[in-house]
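With chain E fixed as given, assemble chain L onto it according to the hints.
What follows is the residue order along each chain.
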Amino acid sequence: MIQEGLVTSKLEPLGEASVVSLAIDTDAYFIGVKEAVNTLANIKGMKGAYVTSTRPARAITNKLLLDGVSLDNIFFIDSITYSVGGGTGGSDNVVFVESPAMLETLILKMAWFNRRFKDSKRFILLDSVNTLAVYNEANMLSEFIHILVNKLRIEEVFTVILTVGDNIPDQVDSMLRLVCDETINLRKGGV
Amino acid sequence: MVTITKFIYGVTSLPGHMVQTLKQIPTGIEGLDGALNGGVPQGNVVLFTGSCGTGKTTVAMEYLIKGAKMGENGVFISVTEPTFKLLENMRRYEFFDEVLIDDNKIFLIDLLHIYRKMGLLDRERQITDIDALVLAFEDIVKALDIKRAVVDSITAVCNRLKEQSRIRDFIFNLVNIFTYNGATSIFISEISAGTSDYSVYGVEEAVADGIIVFDDLERRGDMMRTMQIIKMRGTQHSRAKYVMDLQSDGMVLAPLLKGGSD
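The listed protein sequences derive, respectively, from chains E and L.
Per this note's numbering, the very first residue in the first sequence carries number 3; after that it's consecutive.
Per this note's numbering, the very first residue in the second sequence carries number 22; after that it's consecutive.
Treat the hints with care, since some could be wrong.
Stated by the list, open to error - With a straight-line cut-off of 25 Å between C-alpha atoms, the simulated DSS-like cross-links for lysine-lysine are: (1) E:K46 / E:K36; (2) E:K153 / L:K262; (3) E:K65 / E:K46; (4) L:K126 / L:K106; (5) L:K90 / E:K120; (6) L:K138 / L:K90; (7) L:K163 / L:K44; (8) E:K153 / L:K106; (9) L:K126 / L:K90.
Keep in mind the hints are simulated off the structure, nothing from the lab.
The following block holds chain E by itself, in its conformation from the complex (with noise of 0.2 Å):
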């Protein structure tokens, strides 16, 4: 478990248009989570797109306003939900895609987010490398990274990559280091 504050203090100091891999380890997936989301959307005040395909936008959602963290700037890019067959009706701030496999509609849907709110501060919190690995090919999950993170820079979008764990293809990880101004690796031993 990593210490309460340590992703705030990572997070914090960055600039406006910084794209970060953030490495955690299993155990501290939701402070990960919640401090990441608290740190760009209510301390630094952006508004912000949770990338989902990791857990559906309602249970994170359920989590987040549990320990008190505000989601007014949060909009879900939700890509579980649809393909466990879950509910998808009733959610203002959620827009779903299929499938974790479909990442270009994942571009599509971030342009959307982009679009929409183009005349505010954004952050785009992608969750996480390691559950779209299940569903995607290594080459094809990396020319995503390296497509979306190239998109997001150009649009000046503060982008946190999530990694849970160290079980990512070693041609994704290559390309994280690649394409990310900065490395986070708060995973044992990584700190």
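Coordinates of chain L only, in the frame set by chain E:
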């Protein structure tokens, strides 16, 4: 009124506004203008081709609406569905603004009404009928100062003409009317899924200045809409295949990941 024969045989030079290098008109659709490297040359006829449900009509309508917002009057000539149904479908898009119709910036015309007025509804078209129909299109373009036109679909219009020679003459004359009057137009071509042709009769793709293919791509059970510009005379356009999404605020494009293309 200019006769049809003049369009077929008599046009030896373009009108003044067309003589100089063709000006590219932004469609107003962000991703599409990027792929077109600026827009569609004024007066071009562009074939939107694809099977049903691939997004042709919606993108064509967005083209008209964005144009009207930039001060260019548009007409949507509907053959395949009643205009009230078209309106119902468009109301869920944020880019759609019904005021543009009330203010006579966009005109929705049901071709069946034109057929009915001309007494052509229940019989096969004769050559004189086709001339009259083309002239009716010309009247619309001139009287309403149309700068953008959509015919949805050219396939359905041609279905009623039966003979290949009549179809060829009709399309050729129609293209001339739009081009001569400086209207940048979209002809929608309905094709079967999986076909490699761009049109049913072949004439449509031969006379069009541009061809944009709308398609579906299936990848491991997931379906995605795609768009690809095959040709666009007068532009240095992208030839890449894009994944397309029709969002509430309009069409968005993303590059098709190479690792996932078929």
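Structure-based check of each hint:
no. : hint            : in the structure
1   : E:K46 / E:K36   : holds, 14 Å
2   : E:K153 / L:K262 : holds, 17 Å
3   : E:K65 / E:K46   : holds, 21 Å
4   : L:K126 / L:K106 : holds, 19 Å
5   : L:K90 / E:K120  : holds, 20 Å
6   : L:K138 / L:K90  : violated, 31 Å
7   : L:K163 / L:K44  : holds, 20 Å
8   : E:K153 / L:K106 : violated, 37 Å
9   : L:K126 / L:K90  : holds, 8 Å
Consistency note: the structure conflicts with the earlier hints numbered 6, 8.
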